[in-house]
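**Student:** One-letter residues, chain by chain:
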Amino acid sequence: KNEVEQSPQNLTAQEGEFITINCSYSVGISALHWLQQHPGGGIVSLFMLSSGKKKHGRLIATINIQEKHSSLHITASHPRDSAVYICAVGHYGQNFVFGPGTRLSVLP
Amino acid sequence: ETGVTQSPTHLIKTRGQQVTLRCSSQSGHNTVSWYQQALGQGPQFIFQYYREEENGRGNFPPRFSGLQFPNYSSELNVNALELDDSALYLCASSLVRESEQFFGPGTRLTVL
Numbered sequence: 150k151n152e153v154e155q156s157p158q159n160l161t162a163q164e165g166e167f168i169t170i171n172c173s174y175s176v177g178i179s180a181l182h183w184l185q186q187h188p189g190g191g192i193v194s195l196f197m198l199s200s201g202k203k204k205h206g207r208l209i210a211t212i213n214i215q216e217k218h219s220s221l222h223i224t225a226s227h228p229r230d231s232a233v234y235i236c237a238v239g240h241y242g243q244n245f246v247f248g249p250g251t252r253l254s255v256l257p
Numbered sequence: 002e003t004g005v006t007q008s009p010t011h012l013i014k015t016r017g018q019q020v021t022l023r024c025s026s027q028s029g030h031n032t033v034s035w036y037q038q039a040l041g042q043g044p045q046f047i048f049q050y051y052r053e054e055e056n057g058r059g060n061f062p063p064r065f066s067g068l069q070f071p072n073y074s075s076e077l078n079v080n081a082l083e084l085d086d087s088a089l090y091l092c093a094s095s096l097v098r099e100s101e102q103f104f105g106p107g108t109r110l111t112v113l
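Protein chains in written order, with this note's numbering: chain W, 150 to 257; chain X, 2 to 113.
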């Protein structure tokens, strides 16, 4: 079993839909990151979470430490949100472990 | 404040050659991590440097080596290149070891 799992693997949505991407992890962590990777490779850090909830624009990220689960929500999705979304967990001072990513396509 | 930069953006090498990739960290960041991302896969951690010392290493052979300079910029060196080394190499800097990571645009290496 992988240390970090994401669901769904692929997601196609219509513009305007509410989107949820899930991340589950099996190890103790000090922080969880949500990353966005557009075609061509560039990675952007969206959120770093250690507890609770964060919001930035149309993006909301939550984490439940007890359940070892995090969700990334996109409200009013737009075609420019099309990208791969990656969950990565950090172990106290050690290397980050990445999930396999969720490929999101938002159709106009 | 400049972001994380990497050079070169693309590189083509042949099997057996050596390559050096460079990363300039974001201003004030003393930690640099390197990742390898094969096509269609998630990034895999190679190693991390904190204040010029290696601070953790992933499951990569010794022919992958690194260096961090006093200005916290970093190099990734790969010797005896193999075809499977073809990948996007990403570096990320952070203010301290466990804080948010800021990624560079990556260097795409092709080994023929």
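Keep in mind that the hints were calculated from the coordinates and are not lab data.
From the three backbone atoms N, C-alpha and C, an ideal C-beta is built for every residue, glycine too.
Among the hints, erroneous ones may be present.
Stretches of chain X that chain W covers, calculated by requiring three or more beta carbons in the stretch to come under 8 Å of a beta carbon on chain W [as the list claims (entries may be wrong)]:
(1) 8 to 20
(2) 38 to 44
(3) 104 to 113
Non-contacting residues of chain X with respect to chain W, defined by C-beta distances greater than 12 Å in every case (computed) [to be verified]:
(4) VAL5
(5) SER34
(6) PRO62
(7) SER66
(8) LEU82
(9) GLU83
(10) ASP86
(11) LEU89
(12) ALA93
(13) GLU101
Here are the computed distance ranges between Cβ atoms for each label pair [to be verified]:
(14) X/GLY29 x W/GLY201: 25 to 31 Å
(15) W/GLY201 x X/ARG64: 23 to 29 Å
(16) X/VAL97 x W/HIS218: 35 to 41 Å
(17) X/PRO63 x W/THR224: 44 to 50 Å
(18) W/VAL176 x X/VAL97: 16 to 22 Å
(19) X/GLY17 x W/HIS218: 28 to 34 Å
(20) X/ILE13 x W/THR161: 21 to 27 Å
(21) X/LEU96 x W/LYS202: 40 to 46 Å
(22) X/GLY29 x W/GLY191: 17 to 23 Å
(23) X/ASN72 x W/ASN159: 24 to 30 Å
(24) W/GLU166 x X/GLN19: 27 to 33 Å
(25) X/LEU68 x W/GLY165: 47 to 53 Å
**Student:** Give a verdict on every hint.
**Tutor:** Verification of the hints:
no., hint, in the structure
1, 8 to 20, "violated (count 0)"
2, 38 to 44, "holds (count 4)"
3, 104 to 113, "holds (count 4)"
4, VAL5, "violated, 10 Å"
5, SER34, "violated, 7 Å"
6, PRO62, "holds, 16 Å"
7, SER66, "holds, 16 Å"
8, LEU82, "holds, 20 Å"
9, GLU83, "holds, 21 Å"
10, ASP86, "holds, 16 Å"
11, LEU89, "violated, 5 Å"
12, ALA93, "violated, 8 Å"
13, GLU101, "violated, 4 Å"
14, X/GLY29 x W/GLY201: 25 to 31 Å, "holds, 26 Å"
15, W/GLY201 x X/ARG64: 23 to 29 Å, "violated, 43 Å"
16, X/VAL97 x W/HIS218: 35 to 41 Å, "violated, 26 Å"
17, X/PRO63 x W/THR224: 44 to 50 Å, "holds, 47 Å"
18, W/VAL176 x X/VAL97: 16 to 22 Å, "holds, 21 Å"
19, X/GLY17 x W/HIS218: 28 to 34 Å, "violated, 46 Å"
20, X/ILE13 x W/THR161: 21 to 27 Å, "violated, 35 Å"
21, X/LEU96 x W/LYS202: 40 to 46 Å, "violated, 23 Å"
22, X/GLY29 x W/GLY191: 17 to 23 Å, "holds, 21 Å"
23, X/ASN72 x W/ASN159: 24 to 30 Å, "violated, 42 Å"
24, W/GLU166 x X/GLN19: 27 to 33 Å, "violated, 49 Å"
25, X/LEU68 x W/GLY165: 47 to 53 Å, "holds, 49 Å"
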